[in-house]
Each structure stands twice: as structure tokens, then as C-alpha cells.
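Protein chains: 2
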Amino acid sequence: MDRYLVINSDGHAGLPPERYRDYLDPQYRDEFDRQLEVRLAALAQASELLEMSQQSADWAKDKQHGLAGAWDSDRRTEVLDADGVAAEILYVDGLTERNSPPFGGDLGLLPMGADPELQWAGCRAHNRWLTEFVSLDPVRRIGLALIPPFWDVDQSVKEIESARKQGLSGIMLPHLWQNQDPYHHPRFDPMWAACQDNDMIVHFHCGACPMQDYFGTELFGQQPGAEPPTHLPGGLGIFVTEIHFWLVRPIVFMIWGGVFERFPGLKAVVSEGTSIWAPELLALMDQRYSDHHFTAKLGNSYTAHIPLKPSEYFNRNVRIGSSCMARREAEMAHEIGVQNILWGTDYPHPEGTWPFTKKLMIETFHGMPEGDIGAMLGDNAVDFYGLDVDKLNPIAERIGPERDWFRDEVA
Amino acid sequence: MDRYLVINSDGHAGLPPERYRDYLDPQYRDEFDRQLEVRLAALAQASELLEMSQQSADWAKDKQHGLAGAWDSDRRTEVLDADGVAAEILYVDGLTERNSPPFGGDLGLLPMGADPELQWAGCRAHNRWLTEFVSLDPVRRIGLALIPPFWDVDQSVKEIESARKQGLSGIMLPHLWQNQDPYHHPRFDPMWAACQDNDMIVHFHCGACPMQDYFGTELFGQQPGAEPPTHLPGGLGIFVTEIHFWLVRPIVFMIWGGVFERFPGLKAVVSEGTSIWAPELLALMDQRYSDHHFTAKLGNSYTAHIPLKPSEYFNRNVRIGSSCMARREAEMAHEIGVQNILWGTDYPHPEGTWPFTKKLMIETFHGMPEGDIGAMLGDNAVDFYGLDVDKLNPIAERIGPERDWFRDEVA
Numbered sequence: 021m022d023r024y025l026v027i028n029s030d031g032h033a034g035l036p037p038e039r040y041r042d043y044l045d046p047q048y049r050d051e052f053d054r055q056l057e058v059r060l061a062a063l064a065q066a067s068e069l070l071e072m073s074q075q076s077a078d079w080a081k082d083k084q085h086g087l088a089g090a091w092d093s094d095r096r097t098e099v100l101d102a103d104g105v106a107a108e109i110l111y112v113d114g115l116t117e118r119n120s121p122p123f124g125g126d127l128g129l130l131p132m133g134a135d136p137e138l139q140w141a142g143c144r145a146h147n148r149w150l151t152e153f154v155s156l157d158p159v160r161r162i163g164l165a166l167i168p169p170f171w172d173v174d175q176s177v178k179e180i181e182s183a184r185k186q187g188l189s190g191i192m193l194p195h196l197w198q199n200q201d202p203y204h205h206p207r208f209d210p211m212w213a214a215c216q217d218n219d220m221i222v223h224f225h226c227g228a229c230p231m232q233d234y235f236g237t238e239l240f241g242q243q244p245g246a247e248p249p250t251h252l253p254g255g256l257g258i259f260v261t262e263i264h265f266w267l268v269r270p271i272v273f274m275i276w277g278g279v280f281e282r283f284p285g286l287k288a289v290v291s292e293g294t295s296i297w298a299p300e301l302l303a304l305m306d307q308r309y310s311d312h313h314f315t316a317k318l319g320n321s322y323t324a325h326i327p328l329k330p331s332e333y334f335n336r337n338v339r340i341g342s343s344c345m346a347r348r349e350a351e352m353a354h355e356i357g358v359q360n361i362l363w364g365t366d367y368p369h370p371e372g373t374w375p376f377t378k379k380l381m382i383e384t385f386h387g388m389p390e391g392d393i394g395a396m397l398g399d400n401a402v403d404f405y406g407l408d409v410d411k412l413n414p415i416a417e418r419i420g421p422e423r424d425w426f427r428d429e430v431a
Numbered sequence: 021m022d023r024y025l026v027i028n029s030d031g032h033a034g035l036p037p038e039r040y041r042d043y044l045d046p047q048y049r050d051e052f053d054r055q056l057e058v059r060l061a062a063l064a065q066a067s068e069l070l071e072m073s074q075q076s077a078d079w080a081k082d083k084q085h086g087l088a089g090a091w092d093s094d095r096r097t098e099v100l101d102a103d104g105v106a107a108e109i110l111y112v113d114g115l116t117e118r119n120s121p122p123f124g125g126d127l128g129l130l131p132m133g134a135d136p137e138l139q140w141a142g143c144r145a146h147n148r149w150l151t152e153f154v155s156l157d158p159v160r161r162i163g164l165a166l167i168p169p170f171w172d173v174d175q176s177v178k179e180i181e182s183a184r185k186q187g188l189s190g191i192m193l194p195h196l197w198q199n200q201d202p203y204h205h206p207r208f209d210p211m212w213a214a215c216q217d218n219d220m221i222v223h224f225h226c227g228a229c230p231m232q233d234y235f236g237t238e239l240f241g242q243q244p245g246a247e248p249p250t251h252l253p254g255g256l257g258i259f260v261t262e263i264h265f266w267l268v269r270p271i272v273f274m275i276w277g278g279v280f281e282r283f284p285g286l287k288a289v290v291s292e293g294t295s296i297w298a299p300e301l302l303a304l305m306d307q308r309y310s311d312h313h314f315t316a317k318l319g320n321s322y323t324a325h326i327p328l329k330p331s332e333y334f335n336r337n338v339r340i341g342s343s344c345m346a347r348r349e350a351e352m353a354h355e356i357g358v359q360n361i362l363w364g365t366d367y368p369h370p371e372g373t374w375p376f377t378k379k380l381m382i383e384t385f386h387g388m389p390e391g392d393i394g395a396m397l398g399d400n401a402v403d404f405y406g407l408d409v410d411k412l413n414p415i416a417e418r419i420g421p422e423r424d425w426f427r428d429e430v431a
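For the record, the sequence lines run as chains A and B. Following the numbering used here, the numbering of the first sequence begins with 21 at its first residue and continues without gaps. Following the numbering used here, the numbering of the second sequence begins with 21 at its first residue and continues without gaps.
This is chain A alone, in the form it adopts within the complex (with noise of 0.2 Å):
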């Protein structure tokens, strides 16, 4: 094949929030219509902290039909071969677009704040309508169901069973678990099972940090109305400082936990927190797992339950979902491990590389082996999926980077 396959291992779908009503669990609908204005408000506000309204609005102003595909089924299947991009994997919509699930069933997908029952509900109208979304065109788009999994394991099992039947093929967690147990918790142990029973991939997703710490606890949490917030100068350094280390917390917690030691065959990703921390954090964790020397007084007794080091652990159940990916990231991959890499647009998002998908993409991996750019791009997301390339090859054929875009005496 003369062109890439290509994965975009981040993308994002949802309903504009109003239209979440119709997925709704009928009884839940009278809620929805008395927190829409105040959702409405609140996201209005978090984007106005984030210093994202103006730059998203003036961003936004001429991609709106474009930005559309985030629930329309023809604009995205547009967007998607205008970018090169044969299938994605479906996230939930984040706060920029604030096309959100109801009742806290957003990206964040935060606990604390939240009611279950509520938060369960606005999980299940997303996955009600992503199930959807997908049917229309299965082959390309890989559906990620939303699960709050602190509130009940065996409905969080139940969920990811019945997600798995109606051709969703993975979940998401929140990465964030506030006053809630963490993930090397044994209480989670059926939801692995599930999940690993049930070839559900496990996904956490870049965004959710705690905010209160940088932005004053004045600001976040507080109701809307209330007087203008202490702004903390610095809160958005720390933020872009910190957003990878909650993002990737949730997989130290179970590697140590020994999660995937109990569950071999599970499997996990972690999306748009870049790839840079992970030669370091990899040696850091082999090094505290082999070397004793200086952790003496600890003991040992620490690393038993898991005989293979934790990068071993890491290298089987977990890659990593590179979003935006920068060329130092790709000059980076071997360090990284080649292999554990996925490629990703974080369409339709400003920050992400659509509209301009392909430039970024050459700008990203030009001149190097072919080799490791298809791997990157797709090949690793078909392998670690179980994607069907038979179905996917022809749409690479036709609307796939070209090989000869990349090579250095072309470009």
C-alpha cells in the first residue's frame, strides 16, 4: 500500500448538552431541565478561567460545519478522510466544545460533588447515543463507554458487559478519584475481570487536575453567582505542568497494585499527556523495584505480589495515546518504546491538529523509517485493538497520507 493506515488514537464525540435529554432514562428528564442553565453557566465559567472562550471562539468561528461531526455522522466521516484518518477512537466530548453528558458524565467524570445515581444516568445517555453513533459506521469508529466505577462495581460490570454487546469496545474511567478509593484497590478487581473477560479497553483521559490547587479553592466548586473567585496567578503553568502525572497516576497505582499481574490479559491507555514522562517514570519504577539499597528500611515485601519489573508490565497492558504528537516526541519513540505509541488528532479540538491533520502529522514523523510511522499512526492501534484490517485497507487506500509525503528528499 502506497499510504498510511492511519488511527486517530484520540477523538471526540458527543451532543450538543441540550440534546442529551432525549437519552436520558425518562425519569431523570425533569432533573435535566432544572440543571441545564446552571450546567450551561458553569461551563461557560470554567472556560472563562481556563482563558479558553475567546481563543476557542475565535478559533471556532469559521470551522462550524467541521465542528459539527462531533454528533453528525456525515460531517465526521468528512472531517476524517479530509484528515487521512481511516478509524478513531471515540472519547466523550471535553469542556471546550461542551458538547458534555449531563449530571457530572463528562471527560472529567469526577466523583467528588457529583450524586451516583445521577452521574450513572448521564453516563448511560452518552453510551445510549455513542452506541448509536457507532452503528452508523462500526468499521471506523471505536466507541469508548463512559463508567463512574466508584459508586457500584457490579453495576459498573454490568455496564461494561452490556456496552461490550452493543459494540462499544472499550471504557472510560475517570483518572481523578478525589475522596475515593484509588485503582490498586481490590474492590475493582471485578470491573478488571470484566473489562479483561470482555476485551474492553481501559482508558484514562488528559484533562482533569485539582483545580482548586491552582486556582484558589475560592474558584472551583463554588456556586454560580457567586463573587468573582481569588485568581492565583500561575494556577494555567502549573496546570500544563502537572496534567500528565494525574493522567498516568491511575496506571502506577495499578501496576504496583499488581492489577495487571491478576489480570494479564487486561489492558489499558492513557491519552493526551504526551509520551515524554515515560522513559523516566519506567527507569524510575524498575530502579525502585530492583535496587533496595537506599529503600532499606522499607523492606521488600513491597514488590512480591508482582514478579516482573514494572516497565515488563507497562510494555504489555499499557500505550499510550499521543495526541498532537510533537516531532521531539517522535525522535523520542525508541526511548519511549516504538511500540507503545499511538498517534492521535484530539479532533475536534483547538488544540489538536485538525484542520490541518496531515502537515502536522508529516511536520511530526518526516524522514523517518517507514517502519515506525506506520506503527505509530495505526499499525499499534490495530494490533492492541484487534482492528480489522481487511475492512480497513481500502479506506486507507483511498483516503491515507502517502508514504512518499514523508520522506525527506519529497518534503
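Keep in mind that the hints were calculated from the coordinates and are not lab data. Please read all numbers here as calculations on a predicted model, not as lab measurements.
Quick partial rundown of chain A residues pointing at chain B, CB under 7 Å, derived from the structure: (1) D233; (2) G254; (3) E300; (4) M305.
Backbone N, C-alpha and C fix where the C-beta goes; we use that ideal spot for every residue, glycine too.
Assemble the complex: chain A is given as a structure, and chain B must be docked to it using the hints.
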């Protein structure tokens, strides 16, 4: 000089718990008596949890003479002479040796669960004792006052000024603020001003972590005598993986918050968290500072108040106390910044280099350029702390490690 001038950036000193009574303001002694037994039990339990009791007991068995150097002046001098250490920075003692002040005035200095008035009383008791201890050998002992900063910034300022007058040279602050304000909050500005104006270097010391995440909420914060807690698997592995993140976090907040811009003469040290995290962290912060491509939706107002790059503040205002430094760190020294590294022993802790300090420092540095070795072992500390080499050199000439020992053809 044929010998290196060695400064230990990480020494611990403190009285056995019961002996802090005499240094407390009299009105707190009854409360001290009431709490002593409970506190000793809690120390034992925490030590048990971290699997340190048996390890530490075994290690300490034949070392009682030297371990008394935590509070005994002559023993301390003996140990320093044998270690080849001319002078040292003195933190309060930690969990392992239990030589901690009362009322939460310990190495963690955590706000959560502390009574502000009592925590201040505990800190003042330590600062009083440490002032005496330093006065017995002011050339070789650089003492750090304990300051619990969250309760009352004015009181912190007064304690800083008073500690300086009494002969202490810096302060230690808690690096976990828990439910209090983080260090980029402008309310701390008078404290930073006091440190800058009084040449009091700010120190953070590794150890405190969100233990309830690692070991379960049932465990930490429980009352002595309660049911045996759930011990989540892998907690210790997570602890040693994340420990440096929590240590360095205040510096990240201070840099982005513009603290070092507003107080260019303020100096800070992070200790015993290794130094291997530095290159990646600084590269990341600089990249976030300079390259807005993929953070465009956040605008760029978050860098307007800091005209220098994050790494420039770090290199100007911050040093890394690299305790029990591994060969790997020494090999990375130029990447980390040789001038940023302050070697340390962590005496009298079991994970420290004592009583094999000379042997271990040679393992770490052998074969490297003399200028680099000298910088990391002591010269950087001399510069940063403004130490008096005229008084220190004669000590080093008597007890310092010989330069010859580090040459590969000799070793």
C-alpha cells in the same frame, strides 16, 4: 588542599520525644504529658506500616553510640569526623528514629489534623533546642527552624526573624499543604520577603505523601487501638515512585506563581528526593512556557508575570539536596546542572550513607573531574549558604576525604 571540603546537605537532629518537654513553653507541658503515650504508639504504628520497624531495629542494633549523635553534641562531632563531613545542614529528625518534636512539629509538618497553637508550640520547642545545639559548634552546624506557615503568616515572619538572630540559617516548610493554601498564594509574600531579607534559605524535605491514597483511607488518620486497617497492595511501591513529585511540587507552584520573580534573592532547597527528575521537569516547564502551539486555547497570559524561563528561576534560586547520591545521578550531573547538586548523607537514617559514607561517596564519584566532585560534595553548598571557608578549610584539611581516593588509577 589534598582533601575535599564536604558539606552534608541532609543531616537530621532531634531529641528523643520525651525530652522535648523541657523546651516547650510551660503552658503546653500538661498537654504534652497527656499526648506522649498516644504519640509514641502512633509513631510505632506508622513505622510498622511502612515495614520499617524490624529493618530499622536490625540496622540500629550495633549503632547506638553513633545514633545518639541525633542529639548528643560530642557524638555528632565524632560521626562527622569519621564521615569526612566538615559541616552540615540540620533538619529535624524523621519517622525512623522518632526523635521528633510534639504536636505535629515533625519532618512532615502536616497541617491536617494539627492544632495550630500546639503545632507552633512543638516547632518552637525544636527551634529552641536546635539553637542550643547549633551554638555548641556554629561553624559545622547549619540549623533550620521549623515553620508551620499556614496558620499565621505574621507569626511565621516573627519566628523567622527571631531564628535568624538566634543563629539558625534557614527554615523548613511542609511540602504538603493538604487542605491549606498552596505556595503560589500571595498571602505568603511577607514570609518570602522575610526569608529573602534575613538570608534564611527555605527548605523542603522528602517524606510526606498522601499516604491515605497508598494504604487506604481506613489506615491513616485512624485512632490508635482501632481495628487493624486494610493494607492496600503495592502502597510502598507507589510511595517510592511518587515521593519526589510531592517534594518538588512547592517549587513548581512558586516558579509559575512568580515568587522567585517578586523575590529574586529568595533561595530554596529540595532535599532527599534524588535529582534525576530535574532535566525532564525543567525541559517540560520551559516547553510549556515557550511553545504555545498545543496550549493555544489557554492563551498566554499565564506567562506574562514571569519574564524568565522556569529553568532560569530554578537554576538561579533553587538547589537540589541529593542525599545518598547514586552513581547514576553523578553521571547525569551535567544534564541536571552540576552547580545545582548538593551531596548529602541523610545521617542518622538507615537509608543514609553512614557509617559507610566515605566508601559510598567514592563509589558515586570515582573517576570524575575534581572540580565537579568538589562542587557537588561541598563547594556548591559553600556558595549557596555563604559559608565561611576560612573556618571550614582547616576542618576539611584534618578530616575530609582525600582527593586521591577518588582517582580511578588509585581506587
